[in-house]
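**Q** Could you put the whole structure together from the sequences, leaning on the hints where they help?
So the sequences go chain by chain: A and B.
For what it's worth, this note's numbering labels the leading residue of the first sequence as 1, then goes sequentially.
For what it's worth, this note's numbering labels the leading residue of the second sequence as 1001, then goes sequentially.
Incorrect hints may appear among the rest.
Said to hold, decoys possible - Which chain A residues face chain B? A few, computed with CB under 7 Å, are given here: (1) Leu30; (2) Ala34; (3) Arg230; (4) Ala594.
Stated by the list, open to error - Label pairs and their computed distance ranges (CB to CB): (5) Gln653(A) with Glu1297(B): 17 to 27 Å; (6) Gln656(A) with Ala1139(B): 36 to 46 Å; (7) Glu428(A) with Lys1298(B): 55 to 65 Å; (8) Phe227(A) with Glu1297(B): 58 to 68 Å; (9) Lys158(A) with Lys1298(B): 46 to 56 Å; (10) Lys1249(B) with Val99(A): 49 to 59 Å; (11) Tyr432(A) with Lys1117(B): 38 to 48 Å.
To be verified - Below, in silico cross-link-like pairs of lysine to aspartate or glutamate (EDC-like), each with a Cα-Cα straight-line distance of 20 Å or less: (12) Lys374(A) with Asp1116(B); (13) Lys365(A) with Glu280(A); (14) Lys102(A) with Glu151(A); (15) Lys448(A) with Asp529(A); (16) Lys379(A) with Asp1116(B); (17) Lys166(A) with Glu151(A); (18) Lys379(A) with Asp1115(B); (19) Lys392(A) with Asp341(A); (20) Lys277(A) with Asp1191(B); (21) Lys296(A) with Glu1343(B); (22) Lys366(A) with Glu237(A); (23) Lys472(A) with Asp529(A); (24) Lys1375(B) with Asp1317(B); (25) Lys381(A) with Asp1106(B); (26) Lys381(A) with Asp1115(B); (27) Lys1249(B) with Asp375(A); (28) Lys139(A) with Glu151(A); (29) Lys202(A) with Glu250(A); (30) Lys381(A) with Asp1191(B); (31) Lys1221(B) with Glu657(A); (32) Lys277(A) with Asp1048(B); (33) Lys374(A) with Glu1248(B); (34) Lys374(A) with Asp1106(B); (35) Lys296(A) with Glu280(A); (36) Lys202(A) with Glu217(A); (37) Lys324(A) with Asp363(A); (38) Lys1223(B) with Glu657(A); (39) Lys379(A) with Glu1253(B); (40) Lys366(A) with Glu272(A).
Just so you know, these hints were derived from the structure itself, not from any lab.
C-beta: ideal position from N, C-alpha, C; glycine also.
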Amino acid sequence: MAEQGKIRQLTRRGILLDFLGSMNLAITILVIIAVASVIGTVLQQNQPYNNYIIKFGPFWHEFFKTLNLYDIYSASWFLVLLLFLVISTSVCIYRNVPVMLKDMRNYRLNAQLKTLRTMENSQDWQLSSDVQATENKIKQFLQVNRYQLREKQHADRKVITGMRGKWNRLGYMFAHVGIIVLCIGGFMDGTFDIALREWTGKSVVDINTELVKDMPEESQLKPGELFSFRGNISIPEGLKANFVLLQVREGRLVQYLPFAVELKDFRVEHYESGQPKSFESDLVIHDDQLDKPLEKTISVNYPLIYRGYHIYQASFGDGGSKLKFKVWPFNDYQLRTLDIDGVVQEERIIDTAKGQLTLEFVDFKKFNVFPAPKDDPQKRKFMNFGSSVVFKVRDSSGAAREYINFMSPVLQNERYVFITGMRTSVAEDYRYLHIPSDDNVSIDRFMKFHALLNNTPYVQKVAVETVNTILKDAPGGDQFRDNIIRVMMDLLDQFNYGGYQAIERYIRDAQVDNEQKRKMAEAYSKVLDTLMKSLYVEVLRQEGVDVEKGINRAQEQFYFDALDALRQLHLYGTPFYLQLTDFTHRESSGLSIAKLPGKNIFYLGCLMVIIGIFLLFYVTHQRVWLVMYTGENGASHLLFAGSGNRNQSDFRQHFQELSEKVDAILKA
Amino acid sequence: MSVPDNVIQDELKPASFFKSLSIVDWVFAVLLLAGSVFAYQKYAYLMDGYEVGILFGTALSLVALGWWWKQTRVLMFAIAAISLLAILLYEPAIANLNKDGLFGRDAVAALSSLDDKTHSKFLFKYFLSSTSAIMWMSALFVIATFAYFFATFIRNEFAGKVASGLTWSATTMGFVGLMVRWRESYLIGADIGHIPVSNLYEVFILFAVVTALIYLHYEGKYKTKTMGGFVLLIISASIAFLLWYHFEKGAHEISPLVPALKSYWMKIHVPANFIGYGAFALAAMLGVAYLIRSKIEKSNPSSQAIQMLPSLNMLDDVMHKSIALGFAFFTIATVLGAMWAAEAWGGYWSWDPKETWALIVWLNYAAWLHMRLTKGWRGAPLAWWAVIGLFITTFAFLGVNMFLSGLHSYGEL
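**A** Structure (structure tokens):
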């Protein structure tokens, strides 16, 4: 054996095999794969390239892109590493399996006495008599202990050997062949053929095209053109699709299917907490090969496998709900409202005093369940805020703000408020505006109040009336009253323009000392408050409330709530409020469709690895030797020795027990 | 010489396994199988075919476990008895509360609440509700940790037995906590009920009891209690996390499952994984003990402390066995995970962070085992490696959920 080894090392092929099959190479590859895999988990994979540029800057972005770090598990160098692992394992198998198979059959009948004596587990007896009878008993004893026996008469000794647990050796083979098999299965289902098509220029990943039907020829794949794939498609209720989209780095390919999938109905159930409990899709498969369309319901964890295509329930979303809105203008004192329609994922242009704005309807949700505050008076755990719509308002410069509006007023602090949120970028949290509702739980009074504040002639009239009533007998006469009225109008103007902050600025800029500023602020807030209250009473009167009898607490509270909302309104950003008045909900189902021809090969590999590991760890290849020989003094001797290839301490104990029994037999 | 051959032969024969079983073993097996038939009859309507298979498969595995490792028969009996007591007491208690207008989650909470003086029941409050059972487990594990160190320090056999007893009791209460929690989840709402291995809080309990069980097995096999303190340290650390998670984050609240977790796969994937994690953690702690002892042996060979530590050979041996056990089950768990992913996410391998880290853990221990089995490494380098392995495993178990985003985000903090 040693000779052969030397000869083999001298040939070039031998050197190569030694290198590829060496444990050092295998361990090095294992470690490199592990480290490379870490990179892929820390660096989020397959994000839009812009995110990376923002994160790392253009230089590192280019560098990372060149190394293919954004799609590391499809990178050619990563595949080469895996290939090396497979080669290294194969060489290892090629070199070891013949030895092991031989070892399974080799009973080591030629073992030298010298060798056996020096083994860790060995014991020697001097025999008194009746060797034949004892020998048979010991043989029987070993057999009942599941040792398979062989024997050989040498010139100077008789050797009986026993062996058990030889399947341990097959464990090695199972585990390592299994690794190769599962790698093959995994490779079959990987993205290698997309990479190949890209490399040969047969396919080009599309980056810009929005609609599938507009995608260029070279980004489209006919059914069966890809050996394996995993793609996604979102189908709105009532529609069908015969393709999936494959995400490749920053772009996509469209893979056509040999059949069409129709979404007949989509259902989602919710827990009390608003979390989705289950969602399922009623699918209809339209295929020329079928006599009639195949109907099947799929849900999470319960996919449909049709003609080798796995169709999974992956997600859900809005499939283009139809929405109706009432537009309340903020800068028209005549409060001419407008009714408009919208469809989720579509957009429309609206003319406003600030020019043309684009409304982009982003999403619609039928329910919004949030945890209730701990001190909720109704002791609710969760509260449903009802339907909501998310939309963006984009101006001609392209800048957009995102809004979320809840359809129905929500009970908060024992009164109903309309909630609308605004943010200037998706990264921010919404800032919410709470618009109070009136006696009919509608938004009308607030809107009328706001319009009235902007109705300058009317405000003037009310201001005059108010001042003349309150300051009828004030010293200073008409000139003083006119002054007050002018200040009133001025203040309201400032308030409408920029809330209390504008008034504060107005005071700060006044050329007076601090004490006077304080007095001014006090006086101004009184003056403004007086005017607004008068205007509010006016609104109530127009509503038909008999204000002479006094107003109730809710109406009083409304005033303070309205004031809170009004002072923030200048931050709202759009010149209107979009009130969702009606909707037709239409859902879409997100399906994942995959063709995985290597799946069962992969599973077979896994099974082999598991069987192999258990054979390797829990079966020990054990050998025992019984050698009968004549000692130097002429007496008969029996040498009992044993070895196991795993778990030495367990074998030591096992051998101890065996030799105790052998001892008992000898002494019987 | 006068003894007839066949007598000797009988003596030599290793007794047939089934003949070696005592009447207790058979009673145990019959009770366990009867219990699973009862569970099947009562709850078959909630189970699909796979789950029925898992039920009876588990029953048979438990019979095998009880026959092979006798002490677990007592453990299983205790767990079953206490859990059944809790479940039987729950029914009427909940029915009473329903009359008072308390249902579901409120009713369950009222029974075990420390604040509610009118509804709460002594037994539930201090013993039987899942949260108090888990508190018992936590306290017992922590006391057992000290007890093991104390016992090795004073070298008192009785103290060692007490430490073992505490660990067995803690394990019992941990399992009782899980069993009762399982039932409680159904009492809260039929649509909320699920096996309690679905979030970080629940699997931490699983981790503690599984690690303790693996340890108890080696304790019995190697007849030494000197490893106990080290292993119980990592369990105590997980208990500390569990308590923080409970009191700071309110994680003990039973929450409903997301659709992706509603599958029979969870019942096998998660426990298999935690046998892996538990065994790796145990190996790492033995690695720590190994490094401490070998350091003392080098610097001060006559130190008394050496006598208190387990022998290096034994540590090396148990460390290897534990990693082999962990590796075998971790492999199964990862394959089961891949098969589940193929049904839930549309592919058996997506290079999702959790999957990738499972692979990294697997590669790490594969390398460890190769070094030991084919390169013949022993001792300190492997002990260090086992300790490092625990950090990698911890990242795969916790870090991925905390720092990386992906599909497998069920155990977020």
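**Q** Hint by hint, say whether it matches the structure.
**A** Evaluation of the provided hints:
1. Leu30: With a closest approach of 5 Å, the Leu30(A) hint holds.
2. Ala34: Holds, about 5 Å.
3. Arg230: It holds, given that the least Cβ distance between Arg230(A) and chain B is near 5 Å, below 7 Å.
4. Ala594: holds (5 Å)
5. Gln653(A) with Glu1297(B): 17 to 27 Å: holds (25 Å)
6. Gln656(A) with Ala1139(B): 36 to 46 Å: holds (42 Å)
7. Glu428(A) with Lys1298(B): 55 to 65 Å: holds (59 Å)
8. Phe227(A) with Glu1297(B): 58 to 68 Å: Holds, at about 59 Å.
9. Lys158(A) with Lys1298(B): 46 to 56 Å: holds (49 Å)
10. Lys1249(B) with Val99(A): 49 to 59 Å: holds (56 Å)
11. Tyr432(A) with Lys1117(B): 38 to 48 Å: holds (40 Å)
12. Lys374(A) with Asp1116(B): With Cα atoms ~17 Å apart, Lys374(A) and Asp1116(B) stay inside 20 Å; holds.
13. Lys365(A) with Glu280(A): Status holds; Cα separation ~18 Å.
14. Lys102(A) with Glu151(A): holds (18 Å)
15. Lys448(A) with Asp529(A): holds (18 Å)
16. Lys379(A) with Asp1116(B): holds (16 Å)
17. Lys166(A) with Glu151(A): holds (18 Å)
18. Lys379(A) with Asp1115(B): Distance of about 17 Å is within 20 Å: holds.
19. Lys392(A) with Asp341(A): holds (15 Å)
20. Lys277(A) with Asp1191(B): Given pair Lys277(A), Asp1191(B) holds - Cα atoms ~8 Å apart, limit 20 Å.
21. Lys296(A) with Glu1343(B): Judged against 20 Å, a Cα distance of about 16 Å means the pair holds.
22. Lys366(A) with Glu237(A): holds (16 Å)
23. Lys472(A) with Asp529(A): holds (18 Å)
24. Lys1375(B) with Asp1317(B): holds (16 Å)
25. Lys381(A) with Asp1106(B): Distance of about 10 Å is within 20 Å: holds.
26. Lys381(A) with Asp1115(B): holds (19 Å)
27. Lys1249(B) with Asp375(A): The given pair, whose Cα atoms are some 19 Å apart, holds under the 20 Å limit.
28. Lys139(A) with Glu151(A): holds (10 Å)
29. Lys202(A) with Glu250(A): Judged against 20 Å, a Cα distance of about 18 Å means the pair holds.
30. Lys381(A) with Asp1191(B): holds (17 Å)
31. Lys1221(B) with Glu657(A): holds (16 Å)
32. Lys277(A) with Asp1048(B): Holds, at about 18 Å.
33. Lys374(A) with Glu1248(B): holds (16 Å)
34. Lys374(A) with Asp1106(B): Within the cut-off at roughly 14 Å; holds.
35. Lys296(A) with Glu280(A): holds (10 Å)
36. Lys202(A) with Glu217(A): Distance of about 10 Å is within 20 Å: holds.
37. Lys324(A) with Asp363(A): The hint holds at about 14 Å.
38. Lys1223(B) with Glu657(A): holds (18 Å)
39. Lys379(A) with Glu1253(B): holds (18 Å)
40. Lys366(A) with Glu272(A): holds (15 Å)
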